[in-house]
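K.L.:
Residues per chain are reported as follows:
2 protein chains.
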Amino acid sequence: MDLKHFSFAALVLVVSSGLAIADPLPSWKGTEAKERIIAFVESVTDPASEDYITPADRIATFDNDGCLWTEQPVYFQLLYALDILKQKAEADPSILSSDVLKAAAAGDMEGMMAGGEEGLLEIINVSHGDITVDAFEASAYEWLTTATHPTTGKTYASMIYQPMLELLSYLRDEDFTTYIVSGGGIDFIRAISQEAYGIPPSQVVGSQGNTSYQVVDGVPVLQKDGGISFIDDKEGKPVGIIRHIGQRPIFAAGNSDGDFQMLEYTMAGEGARFGMLVHHTDGEREFAYDRDSHVGQLNRGLDEGPDRGWLIVDMANDWKTIWPE
Amino acid sequence: MDLKHFSFAALVLVVSSGLAIADPLPSWKGTEAKERIIAFVESVTDPASEDYITPADRIATFDNDGCLWTEQPVYFQLLYALDILKQKAEADPSILSSDVLKAAAAGDMEGMMAGGEEGLLEIINVSHGDITVDAFEASAYEWLTTATHPTTGKTYASMIYQPMLELLSYLRDEDFTTYIVSGGGIDFIRAISQEAYGIPPSQVVGSQGNTSYQVVDGVPVLQKDGGISFIDDKEGKPVGIIRHIGQRPIFAAGNSDGDFQMLEYTMAGEGARFGMLVHHTDGEREFAYDRDSHVGQLNRGLDEGPDRGWLIVDMANDWKTIWPE
Ligand SMILES: [Ca+2]
Ligand SMILES: [Ca+2]
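Protein chains in written order, with UniProt numbering: chain A, 1 to 325; chain B, 1 to 325.
Rather than coming from a laboratory, the hints here were simulated on the basis of the structure.
Don't be surprised by glycine CBs; every beta carbon is placed ideally from N, CA and C.
Please note that the accuracy of each hint is not assured.
[Unchecked claim] Listing some non-contacts, in silico: residues in chain A with all C-beta distances to chain B over 10 Å: (1) SER27; (2) SER97; (3) LEU120; (4) PRO150; (5) SER169; (6) TYR213; (7) GLU235; (8) GLY236; (9) LYS237; (10) PRO238; (11) VAL239; (12) GLY246; (13) ALA268.
[To be verified] In silico contact screen, one side only, chain B against chain A (beta carbon under 10 Å); selected entries: (14) GLY153; (15) THR155; (16) GLN194; (17) GLN214; (18) VAL221; (19) PHE230; (20) ILE242; (21) ILE245.
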């Protein structure tokens with residue numbers, strides 16, 4: 001070991017410091033939203049600050065649909081389920097054993113929605129069941145990276161929000177651990193979470209189907225059996241967090257009333273806290289919806305969020321770009 | 001920034017390298033067990049080895065009772081449950097509403113065991129229910145660090161295995177992520193996991209009781225409601241692993257047939273793998289038990305493990321010490 005190496009190390013350190021001073025959120029406009037996020041992160045990471053929080057406690061949780069990626073015209077996972085259902089029905093029409101399944105395979109959204117939650121569960125059971133977790137994740141990954149969105153023509157995997165990617169990276173650079181806490185299925189999100197968000201499978205919390213361990217012809221597999229064992233939405237989000245992470249977050253981001261309890265729980269902890277809701281205000285570049293939307297409905301969060309100190313991010317005014325270019 | 005700092009850095013590096021060459025498992029005797037563990041770790045961490053495995057895939061899972069700490073005369077968590085039951089019954093004798101609960105509170109082990117699994121569930125419900133997760137963890141921590149073991153007189157928290165602590169540290173030093181995957185309750189283990197093992201709450205997988213989110217007088221709490229929602233044992237261990245970690249481990253350690261499926265699943269993956277069972281052979285220093293034990297029964301693992309390439313650790317012959325001095 002000689003001093004040449006240390007000179008190189010010094011150079012790396014200087015360059016790193018330079019980068020740290022650079023804008024961590026370049027796709028965010030210079031509005032109050034960006035200022036508040038940066039002020040929070042700086043206050044909890046500065047050892048001299050009274051708000052300082054140790055890295056082990058820097059837990060940040062993010063909703064997925066409508067917070068990290070688009071959720072219109074309907075949740076991507078439902079579009080995936082419909083595509084798989086159609087494929088399976090072509091091979092074996094007898095699987096369409098109910099009106100809801102027939103409507104779904106025919107693309108009749110109204111007929112499908114008429115079945116309510118039970119109908120959706122039926123669609124999920126047929127499209128997500130009878131497959132190993134590994135094979136399901138491979139199928140979901142394939143679909144997310146090749147199938148295209150009905151209005152943008154982009155792949156689903158490319159409809160993640162650039163400003164949120166920067167926020168995830170910024171937090172991780174500041175020694176936060178970033179989790180997804182989603183109403184969507186855990187296996188579906190894990191198929192792409194590392195590649196799309198830099199979030200490993202162990203840091204994805206989501207709704208869960210029944211899964212069993214089986215040894216088939218001497219090969220151990222984890223099998224998706226259909227049915228839902230846990231719904232990670234509304235009151236389920238804090239439950240999912242305590243089950244999976246075992247610690248209260250200090251930062252939580254969502255976009256709908258399904259995130260209300262996650263933000264409420266996060267903000268009720270001691271010390272500095274940050275809660276934010278992404279408000280879909282940008283009908284030109286993305287989709288504009290809130291109180292009356294059939295997905296991502298946001299009422300209570302808009303009514304109570306500001307008084308509770310939650311940041312309401314205005315996509316049209318706070319974000320320079322929506323998706324990665 | 002000047003060169004003086006780099007000289008200091010060089011010193012630190014040299015000292016660190018020195019430590020890395022030192023024995024990583026000083027409480028293990030120089031037997032085949034230790035050689036096999038070190039050979040495995042070196043082969044998967046050496047970038048030049050054909051068995052090299054990237055740090056993101058270096059997942060190691062450890063059973064807790066009988067693998068990381070003692071489980072005799074009976075699981076520590078059951079002893080905790082009995083102590084809490086007695087405390088609660090002193091304050092309100094009417095909670096002893098069944099023969100099993102009366103037997104348990106009276107310390108009548110046979111009467112208690114006569115109730116079978118349902119009886120144990122009743123004891124868990126009464127002792128572990130109607131409390132917030134936070135309060136439960138505080139209570140479990142207090143008990144683990146102050147109550148003492150009936151035969152050793154040590155605190156339960158001090159009856160962790162020194163050789164296994166060294167193994168956990170060694171693996172983490174080599175960029176493994178270490179998880180507990182236990183049939184015991186997740187909240188009970190999390191109460192002490194960071195302090196005892198250096199394992200944060202997010203890396204504890206265990207059996208789970210029903211938990212609900214409630215806002216009580218304006219304060220959000222996570223409440224333990226009694227009942228069991230997931231049993232992380234036998235076939236449940238690979239299920240718990242895929243739910244929680246989302247990746248197959250490359251290293252798994254256990255001590256009973258409750259770990260069989262975890263080791264089977266781990267070893268069936270592609271590439272280099274390591275499975276080990278701690279065999280309780282040391283009646284002098286700890287407890288000797290295997291095939292006929294009422295806790296930690298080990299039959300199939302002894303019969304099939306060696307042929308499957310699993311390491312059977314002989315506590316009497318492979319370990320210099322049992323608990324930290
Ligand atoms: Ca959402
Ligand atoms: Ca065990």
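K.L.:
Would you check whether the claim that SER169(A) is not at the interface survives, using Cβ distances to chain B and the 10 Å cut-off?
P.N.:
holds (17 Å)
K.L.:
Beyond 10 Å from chain B, beta-carbon-wise, is LEU120(A)?
P.N.:
Check passes; 22 Å lies beyond 10 Å.
K.L.:
Far enough from chain B: is every CB of that chain over 10 Å from the CB of TYR213(A)?
P.N.:
About 4 Å separates TYR213(A) from the closest Cβ of chain B, which leaves it inside 10 Å; violated.
K.L.:
Hint THR155(B) vs chain A: min CB-CB distance below 10 Å?
P.N.:
violated (23 Å)
K.L.:
If you take the shortest Cβ to Cβ gap from ILE242(B) to chain A, is it below 10 Å?
P.N.:
holds (5 Å)
K.L.:
Check the non-interface label on SER27(A): least C-beta distance to chain B beyond 10 Å or not.
P.N.:
Label holds. Min Cβ-Cβ 27 Å, cutoff 10 Å.
K.L.:
Per the stated criterion, does the least C-beta distance between GLY246(A) and chain B lie above 10 Å, as a non-interface residue requires?
P.N.:
With a cut-off of 10 Å, GLY246(A) comes too close to chain B, as the shortest Cβ separation is near 3 Å.
K.L.:
Take a quick look at LYS237(A) and tell me if its Cβ sits farther than 10 Å from every Cβ on chain B, holds or violated.
P.N.:
violated (8 Å)
K.L.:
Is the Cβ of PRO238(A) more than 10 Å away from each Cβ in chain B?
P.N.:
violated (4 Å)
K.L.:
Please verify that hint: GLN214(B), Cβ, nearest Cβ of chain A, below 10 Å or not.
P.N.:
With a closest approach of 8 Å, the GLN214(B) hint holds.
K.L.:
Classify the label on GLU235(A) as holds or violated, using whether its beta-carbon is more than 10 Å from each beta-carbon of chain B.
P.N.:
Non-interface label on GLU235(A) violated, nearest chain B Cβ at 4 Å vs cutoff 10 Å.
K.L.:
Verify this label for me: PRO150(A) is non-interface relative to chain B, using a Cβ-Cβ cutoff of 10 Å.
P.N.:
holds (30 Å)
Violation of the numbered hints given earlier is confined to hints 6, 7, 8, 9, 10, 11, 12, 13, 14 and 15; the remaining hints are satisfied by the structure.
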